[in-house]
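> Given next are the chains, with one letter for each unit.
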Amino acid sequence: MDRIPILKMGHFLLVTIQVDLYDRLALSLENDLINMVSQVDAKGVLIDISAVSIVDSFMGRILGNIASMTKIMDAETVVVGMQPAVAITLVELGLTLSGVHTALNVEKGMELLQKRIGKDQTGEEEDYDSND
Amino acid sequence: MHKYAYQNIVKVGIANELDIVLAYKRARQLTQLTGMPVPTQTKFATAVSEICRNVLEHVGEGSIVFSIIEQDKHLYVEALIIDYGRGIPNIEEILKINIQPLGGKGWGIANAKKLVDQFFIESKLNNGTKVKLLKKIPANHPPINKPIIEGWNEYFNNESRISPYEEIKQQNIQLLEVMEALRIKQMQTEHQMDEIKSLHNNVSALLKEREEANGMLQKMNKELEEFAYTVSHDLKAPLRNIQGIAKLINKAVKASGNEQANMHFEMLNEQVKRMDSLITGILSYSKSGRQYIEQTTVDVKNLLLEIIASVALPAGLEVQILSEMPVLHTEEIYLRQIFTNLIENAIKYHDTQQGIIAISAIEKEKFIEFAVKDDGPGIPEEYHEKIFQMYYSLHTSSNDSTGLGLSIIKKITSEKGGKVWVESQGRGATFIFTWPAETA
Numbered sequence: 001m002d003r004i005p006i007l008k009m010g011h012f013l014l015v016t017i018q019v020d021l022y023d024r025l026a027l028s029l030e031n032d033l034i035n036m037v038s039q040v041d042a043k044g045v046l047i048d049i050s051a052v053s054i055v056d057s058f059m060g061r062i063l064g065n066i067a068s069m070t071k072i073m074d075a076e077t078v079v080v081g082m083q084p085a086v087a088i089t090l091v092e093l094g095l096t097l098s099g100v101h102t103a104l105n106v107e108k109g110m111e112l113l114q115k116r117i118g119k120d121q122t123g124e125e126e127d128y129d130s131n132d
Numbered sequence: 001m002h003k004y005a006y007q008n009i010v011k012v013g014i015a016n017e018l019d020i021v022l023a024y025k026r027a028r029q030l031t032q033l034t035g036m037p038v039p040t041q042t043k044f045a046t047a048v049s050e051i052c053r054n055v056l057e058h059v060g061e062g063s064i065v066f067s068i069i070e071q072d073k074h075l076y077v078e079a080l081i082i083d084y085g086r087g088i089p090n091i092e093e094i095l096k097i098n099i100q101p102l103g104g105k106g107w108g109i110a111n112a113k114k115l116v117d118q119f120f121i122e123s124k125l126n127n128g129t130k131v132k133l134l135k136k137i138p139a140n141h142p143p144i145n146k147p148i149i150e151g152w153n154e155y156f157n158n159e160s161r162i163s164p165y166e167e168i169k170q171q172n173i174q175l176l177e178v179m180e181a182l183r184i185k186q187m188q189t190e191h192q193m194d195e196i197k198s199l200h201n202n203v204s205a206l207l208k209e210r211e212e213a214n215g216m217l218q219k220m221n222k223e224l225e226e227f228a229y230t231v232s233h234d235l236k237a238p239l240r241n242i243q244g245i246a247k248l249i250n251k252a253v254k255a256s257g258n259e260q261a262n263m264h265f266e267m268l269n270e271q272v273k274r275m276d277s278l279i280t281g282i283l284s285y286s287k288s289g290r291q292y293i294e295q296t297t298v299d300v301k302n303l304l305l306e307i308i309a310s311v312a313l314p315a316g317l318e319v320q321i322l323s324e325m326p327v328l329h330t331e332e333i334y335l336r337q338i339f340t341n342l343i344e345n346a347i348k349y350h351d352t353q354q355g356i357i358a359i360s361a362i363e364k365e366k367f368i369e370f371a372v373k374d375d376g377p378g379i380p381e382e383y384h385e386k387i388f389q390m391y392y393s394l395h396t397s398s399n400d401s402t403g404l405g406l407s408i409i410k411k412i413t414s415e416k417g418g419k420v421w422v423e424s425q426g427r428g429a430t431f432i433f434t435w436p437a438e439t440a
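Note that the protein sequences, when read in sequence, are chains B and Z.
Final position of the first sequence in the UniProt record's numbering is 132; the numbers increase by one with none missing.
Final position of the second sequence in the UniProt record's numbering is 440; the numbers increase by one with none missing.
One chain only, chain B, in its complex shape (with noise of 0.2 Å):
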């Protein structure tokens, strides 16, 4: 089967999506996404999605999911390069997305996570992006 790869860079772990999403291909992306963050003890993970053309409820919650959990295991979860027609499709879903914090670009992104664990290290609790 099909498997999405996963960069490790630093105290990050970097996904870039580049195919188009099946039901299984994300539930494995998603879980392995989280061993990933145990085993490597990450502290962010950057999801690229700038190459999908389709965020429907299912993906929708996938991305959530792995944002909830990747936040219980104590990292932080960015996803960048939506698509502008997925950011609208998923505004007239009502699909928000919650806990998932989201950048324009892959720099943005990683100075958004940079900024986030920064904050969690001297305990500062505010949130940066409107998702929250």
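Not close to chain Z: a few residues of chain B, all C-beta gaps over 10 Å, as computed: (1) 11; (2) 35; (3) 38; (4) 40; (5) 104; (6) 105; (7) 111.
Listed next, the stretches of chain Z that the computed footprint assigns to chain B, with coverage defined by at least 3 CB atoms under 8 Å from CB atoms of chain B: (8) 22-36; (9) 111-122.
It is worth saying that the hints were derived from the structure and are not from the lab.
In this text the structure is predicted, and so the values were computed from the model without any measurement.
Beta carbons: idealized from backbone N, C-alpha and C, even for Gly.
Assemble chain Z onto chain B, guided by the hints.
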């Protein structure tokens, strides 16, 4: 009311989660081709994805057909999703839901409804569900007509070939079909092999039986011939003694002048002669083909003249040699025996005062056909085969007929690869035999 402008532009069967991917890809492609903006494409494709996932999750199988319909002078892209599951009992309630349920599940239908311009759902208990999703095509759409739709059809058909999943699915189906065909072929082949094996076994058994029977027959034949040879050979000695003793007694009887006894002795002599010729016949029959006889140069004409001179030819009967006779390299004794037998027969059974026995020869490829023709009583057709059997004689009353002469001829000719037969209609009979034309 709406009517189909272009029905069944592309169809996707839903049986696998990858089919959902294919379905929303088709939705995006079609909406893009009809000139919808990207967000609209995404919304429609997402709605398709939601409904198709429901079908797969709750029923397991279904299909989606894309068409273009016309309603109030506007064109719409239609996605018709059909399954044959148990149906949805509480559609009304589901459609009323407006708050995201916990965990986000069970939201598909309501989500899809939000994303399209028109939404129709029809569900019958135990009779499946039909969902129709309509998205309006913008008024400034690119031209849509029959040739263009045909172009799209072609595009989708060709595209499906390069889509890896479609390709794999197609190949898988083909592979399964080939495997099934192979399995059937193999079963047939195995069955045929079994049949061939059992036939082979049968044939082998039959061949073995035949070989055994052949061997047995050959052995029995040999034993029989040896037995005939021994018996006839051994019988000759006592017979000769009887002949000698009879001669002595005959002398004594003649001296005593008993006429009656004298006549009886002549009868005894006749019987002894007959017995002797019978034994000689059996002996020569069993000998023929058993012994190696040297081949010599035989001038058939000279041979015939010798035979004619040696047989007791009654006055009134004449033997004629009609044609040129060959000079052969062959066993003289065999030819002598055959001609002697045939000429003697012709003389023996002749029933008139005057008669002609004619001998001729015709060369036919590798054989020479010899014929001995008489103008005697002739042989009825029903006996033409029988007379060549051992001990069969038409003239049982005749004292000197052993019934062996013709069977000896038959045996000799078949040993030489030839044959013998008789031709006779009414009066007269012609005995014909073939002999290898090994010229000297």
